[in-house]
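Protein chains: 2
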Amino acid sequence: MAKKASKASRSASGKKPQKYVYIFADGKADGDAKRKPLLGGKGANLAEMTRIGLPVPPGFTITTEVCTCYYDNGKKYPAELAKQVEAGLVVLEKSLGKKFGDTKNPLLLSIRSGARDSMPGMMDTILNLGLNDATVEGLAKLSNNEWFAWDCYRRFVHMYGDVVMGVQPQGKDAHEPFDEVMSQLKKERHIERDADLTKSDLKDLVRRYKSLIKKWTGTDFPQNPVEQLWGAVGAVFSSWQNERAIVYRRKYKIPHEWGTAVNVQAMVFGNMGDDSATGVAFTRDPATGENVFYGEYLINAQGEDVVAGVRTPKAMNELRKDAPKAYAELDKIRKRLEKHYRDMQDFEFTVERNKLFMLQTRNGKRTGLAAMRIASEMVDEGLITWKEALKRVPADSLSQVLAPIFERKDRDQAVKDGRQMAKGLPAGPGAACGKIYFNALDAEQHARKGEKVILVRVETSPEDIRGMLAAEGILTSRGGVSSHAALVARQMGKVCVCGCGELKIDYIARQLSTNDVVLKEGDFVSIDGTVGEVFAGRINTAPSEVVQVLVDKSLKPQESKVYKIFERFMNWSDKVRRLQIRTNADQPDQALNALAFGAEGIGLCRTEHMFFEGDRIDAVREMILAETVEARKKAVAKLLPYQREDFKGIFRAMKGFPVTIRTLDPPLHEFLPHEGSLIRELAEKMGVPIDRVQARITALHEANPMLGHRGCRLGVVYPEITEMQARAIFEAAAEIQKSGIKVNPEIMIPLVGFPKELENQLDVVNRVAGEVQSKQKIKLTYKVGTMIEIPRAALIADKIAERAEFFSFGTNDLTQTTLGMSRDDAGSFLPAYQEAEIIKSNPFASVDQDGVGRLMKIAIEGGRSTRKDIKLGICGEHGGDPDSIDFCHKAGLNYVSCSPFRVPIAKLAAAQAALA
Amino acid sequence: MAKKASKASRSASGKKPQKYVYIFADGKADGDAKRKPLLGGKGANLAEMTRIGLPVPPGFTITTEVCTCYYDNGKKYPAELAKQVEAGLVVLEKSLGKKFGDTKNPLLLSIRSGARDSMPGMMDTILNLGLNDATVEGLAKLSNNEWFAWDCYRRFVHMYGDVVMGVQPQGKDAHEPFDEVMSQLKKERHIERDADLTKSDLKDLVRRYKSLIKKWTGTDFPQNPVEQLWGAVGAVFSSWQNERAIVYRRKYKIPHEWGTAVNVQAMVFGNMGDDSATGVAFTRDPATGENVFYGEYLINAQGEDVVAGVRTPKAMNELRKDAPKAYAELDKIRKRLEKHYRDMQDFEFTVERNKLFMLQTRNGKRTGLAAMRIASEMVDEGLITWKEALKRVPADSLSQVLAPIFERKDRDQAVKDGRQMAKGLPAGPGAACGKIYFNALDAEQHARKGEKVILVRVETSPEDIRGMLAAEGILTSRGGVSSHAALVARQMGKVCVCGCGELKIDYIARQLSTNDVVLKEGDFVSIDGTVGEVFAGRINTAPSEVVQVLVDKSLKPQESKVYKIFERFMNWSDKVRRLQIRTNADQPDQALNALAFGAEGIGLCRTEHMFFEGDRIDAVREMILAETVEARKKAVAKLLPYQREDFKGIFRAMKGFPVTIRTLDPPLHEFLPHEGSLIRELAEKMGVPIDRVQARITALHEANPMLGHRGCRLGVVYPEITEMQARAIFEAAAEIQKSGIKVNPEIMIPLVGFPKELENQLDVVNRVAGEVQSKQKIKLTYKVGTMIEIPRAALIADKIAERAEFFSFGTNDLTQTTLGMSRDDAGSFLPAYQEAEIIKSNPFASVDQDGVGRLMKIAIEGGRSTRKDIKLGICGEHGGDPDSIDFCHKAGLNYVSCSPFRVPIAKLAAAQAALA
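Heads up: the protein sequence lines correspond to chains A and B, in order. Quick note: the first sequence uses the working numbering, first residue 8, plus one each step. Quick note: the second sequence uses the working numbering, first residue 8, plus one each step.
Treat the hints with care, as some may be off.
Once the Cα atoms are required to be at most 20 angstroms apart in a straight line, the calculated SDA-like pairs of lysine to any residue come out as [what the hints assert, rightly or not]:
hint, chain 1, residue 1, chain 2, residue 2
1, B, K763, A, G860
2, B, K456, A, H708
3, A, K897, A, D581
4, B, K456, A, K763
5, A, K806, B, E844
6, B, K763, A, R257
7, B, K763, A, E844
8, A, K763, B, E264
9, B, K763, A, V254
Rather than coming from a laboratory, the hints here were simulated on the basis of the structure.
Modelling step: build the complete structure from the supplied sequences, incorporating the hints.
Below, the structure written as structure tokens:
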């Protein structure tokens, strides 16, 4: 029927039918590495490896267009597909001299998904396809290994039953049905390892699997290989829309429209005996970046065994002994791949009776640290340029080399106290501490409540992805450094210790134990993913090496290799970026930290944070409770010396870099107590009747404080507050300038929406500046500008710029007002919005470019139309987000401002934006 | 010196110097009525009247440019001014054969302000200028009336001392210093009326006044007339910036930059004896609009006496007997003026020894009712076209003919109960009831607290303007229908009864009394400004005649003259307006009212208002407390029949007019109780533990509910609610349509910010529509659209319009988000903002055109770019505000929607916008 349809379509259009199947075989391939959108990453690289002469089993790729077409047309394939698949099979048969479905010399196939971007473990795979009750006998004869043939068959029936026919666990804690059958058999035979099953056990197993399938689905396991093939292809396409794949794409912003390709490839067997093996390797260490051959393999196993972490595999260098020829060949291929792809590769291989086959290659996922080291060393090796190196490191991944480690003293004490429980594989660098939860759902729920959570699993699977996202760290008792847990954790930048076999994990009792220690659900555990250590209880974390060099000065630069690489990237970034990087800092020590990280000024100094320190809150409260202007002025005057000292500290620290100081912003009720006893205390302290304090608190209550009496609205109604702050700034500036240190204050008026608000506050600031300068006989340089943080300000920016010397986009509030969405309240619907894909990313994390971004552009255009050289920056949380930094670069801002620890990330992101 | 400066400037520029002084005298004038911006209203009309041959005393006008110049240059005059004033004086002297400062035949002057728009009583006036110890004797001889001459002198010294030299009361309750001197003298002489003062008393008074001035100011009263003149001119210019003038301009949106002119005019005297008089008249009745000669005068008095309300004047028709010649001449002039100005005039006149002089004319202020009647009758008289008539009635003033009157039964009962206290002059139509306060400050403060307030004063003065603004109505015991109270109340549309001489008002005891009744501060009083009645206690108010005809049907159209005129204006409006007028109505009776007022559809039907009725709130609460989708669906199902009935009622009432129904909008916590006992009650009713109810209330609490989980965010998270509402709408529509009545539902999704939010809700609505239609075998026509009420929606309107069939601008929320200003919280700073002129008008009353308006334009442009015929409307409070309606017309909306009672106002405003 497919043939007929194909013919019909050809004759109807009169054109050559579209090409849906791309063949690779015998050193030739229809595709190449550039065709990832069409062939998926795996398919494109199989074609590429074939082209450059690597030993790839022949096969063909069904394109991603078929997937799109499949979903667009009610899960139907294009008419031409069947014929092209048939033709592909013929090529495979010819290449190998086997025949699909032949009972004597059967061609067996693997069917694998392969999207444009790698989505490890998210979609389905089927191996050994083509086996049935007849061909299994052919395979047994051909391989002269009946055990092997029946092992393949039972694997195939299991996979096919699970993936294609839907025999899967029902409910969260249910067992995998095939595993249950296997366990039952092992129990009957008193066997522990799969390898100990006899031939007849395997045959029995196949029988039992088939009746399980019949029982669950009401249909028989299909014996026809062609039917098997189409079933498998359909299952792979369907798996594009399974829940875990959707979650993954959401997390990594992979468009659903891309679709997956399907790779149909001749099987090679790592499970043909002890001269066979299968493995996964990296051309360099993906955790540290070190230039060593890194990976693991299993003797006499099929590929899925390694990744699934069922048996703990051996390290790569042991292969040198186990299979010296294959090892030598692999090591050559490793170099060949790096030279060809100019990047670290993650590849799969199989050794079938001492013959090496390459099954896949791709750019390897790596930690931030590894990304930097590999890129840096590849520059030295002449493989890439330093600009390419800059682009190779995801800016956000720098957070990993800045991430905390265990506090050394704490950790040593934990060792002394005998709290060290186990050692596993270091699979995701950094140290983390949190409460134990044993499944993804619990981890997610507790994390939502604000708990720090460590997800503890025997091994993780793609179903656990939400829990992994929510956790601080992941701990597993089984699986190697390329297990699912390790792979995903590295990509997410999560702390991970895996394959920690000493740990006993009991899901039912909800406990994690060694012989000595028992931890229950909710108890604390601390893990170090850089070295693989696991501790009972809490261990405080300490700064990373880079932080120790730059901030703590407890390490010298030359003592830290990590730091040297980090420094190199910072220097490269500085060469190309156009955006300046400032920091948000309210105190001198924060300012110093930020300077150490390379900040080039303060973009946001919140004066109100200073209001809470020590006694000064009393003066603040006195100011708020004042009933006359005189009383208020008296209270405000008490604050002046404090604020002046604060600003002196900051100016001194910043050594002439610009310091943007925002005048008082939060609503006054934030400074008053709201609890009965504290109110009484305050009334007594102030010598004011409690009723009056209570009345004032009531009067200051607001229905929507976010949109209430705050920002410059405070300064307009209480000009004496602005006056005091301006005086503190200018007196501090004068004093520091006299001491020989440059000062460069930029005074920022918050929440401006009307030009006259700014004028009103400007008048106060300029008057005070004049008074201080003439009294102190000094000339100060300063700027006055405004935050653009409500839509009206953006819309009338041309008028505001008549008086404002700079704009700083307060994207936190601008996002809240533009979207009409309170950050504090959005938790009740944002998750549902991300689920339903109403929004792609959290607008409070990354600038909403269509909405907020458009307003920013209106403001930029408006501002520049009246003041050509207006200085433009951003001081919202978005200032440290790489996507937002890219937007700010394109929008033409002068600087971004972010928290001190994100300054390096922002620098790299700014450099990448400039190179884009 | 002025001469020199003038010369210098002339030689320096070589050009003709700028003209600052415009003369009118002897039937010729430099200016005319069109030059109001330059000459002010008074100056321009004095010139115009001179030109058309009316008897105007000669004079000249110093232009408003001098005022602007004066304030721009540190209160200095332009160099050319002095010379031009001198030249003007010479013309006056020649015209009258008198000489300024001459001791025998002195020219005396009046100095009056005159801005472009009339600002009654806001600025200063000085009469009898030029008198001094010598000229007063000349005047006495010349007039042969020593008493008159000294009466003029004492008035002049008083005015000059007050206005120019600043001898004024200090503090709120202080007495006027000159009045105190006068009272003292009267006491000494045992005299009550000014008229009983003897010549020597007047001379004594002048002496005492002069020493008062010396004591207060340390300087002598100036004897030099030229010095007097410049002093007075300066005082008039200065009065442009006095507080009451600034408040007035703010209220009526008169730009401060306009400035005032100064009119210097030869004095004529209404106080030369019983053959002299002075008066104020209107060419028609300014309260009712009736075409009668309306006004009042005082025999033997100066102009200020009439307006100030010191003596209660006589009605105009009595002048026919008192001064038949002057009356006849005036009646001719009245007709001449209307023909010339084509509008009702308000003019001042003086009769000096039987000779008539015109001192001023201007378009008369009038009530809304009068405006309509006058314009309507002028159309009939052929004076103006109907389109001009439409423009003559301020749309907002229609509210006066829609304003409530006393409930007849209540009022009759009050008469029976003897609560009728007094009858005064009907000075501002409508009925009002409120608590008595005796000064402007108290009235303002109590009104702010939400009390309904009646301001009770002996007479009002410009200082009272804020209190008048705050009050529901104004009651005075002194002053006529052209007194300050009456004038201002009419303009503000306030209910006013004035000149109610039977009432005793005691400021000290804070009481209002007649012989029978005593009312204290805070007691209720009820006043009817249409007939002038005053009642003790409360009287309920009832609908106006128009409402009785249209809504209550208790009057037939032909029984109400007011209604007939109203109807005529509505018909004219309908001929020219392009905007459709819809109404905001949630219930069938509201819908019927709105239809009666001419609404052409419902622009906003809030479904949640229906949730509070009767038992249904229980189902709503059950829905909110539900913990599973099933439980929620069960609760929601209970609401379905209620909502269906609601919609049936509305569809039936609206007879096929479009009905825009908004799906659930407010955050769910608004439906839950927040007080302990009510929570317990609810828990019991629902059979749910109180902890769970409390927990749910806590969980639903929001930091900023305005920006929280509401609008379509509810529908996205709880699609079953949208589904129920859609089902209720379509089932109701089907039923009504089957009964033979057309239905035209427009379903509006609130708070949309992302295109996919709308899509999500659209899918639900369309699915339900399909289900209902196929089940009921009926074809329904409906639209689905969205509110544009957050900035993001406006910014991406092009994308939203891909699916939205209409936009309705929710300008309430759009204002709150665009300005970052919560309407509920802005009270703490908005007054200060209006005071400091940071904003000109309340953005919640009138659309903020620069900010919100710009976003609306972006949305309109965006929406039309993807959907050319998208229907556009506005449903915020602004939909009933004439300025906003004008904006909506210009912006190209299809309709505005407002509260039922504002529909006529909106119609007229829409017509005016179309004519503009």
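For each hint, the structure was consulted:
no. : hint             : in the structure
1   : B/K763 to A/G860 : 19 angstroms, holds
2   : B/K456 to A/H708 : 16 angstroms, holds
3   : A/K897 to A/D581 : 18 angstroms, holds
4   : B/K456 to A/K763 : 29 angstroms, violated
5   : A/K806 to B/E844 : 16 angstroms, holds
6   : B/K763 to A/R257 : 16 angstroms, holds
7   : B/K763 to A/E844 : 8 angstroms, holds
8   : A/K763 to B/E264 : 16 angstroms, holds
9   : B/K763 to A/V254 : 18 angstroms, holds
Hint compliance for this structure: hint 4 is the single one not met.
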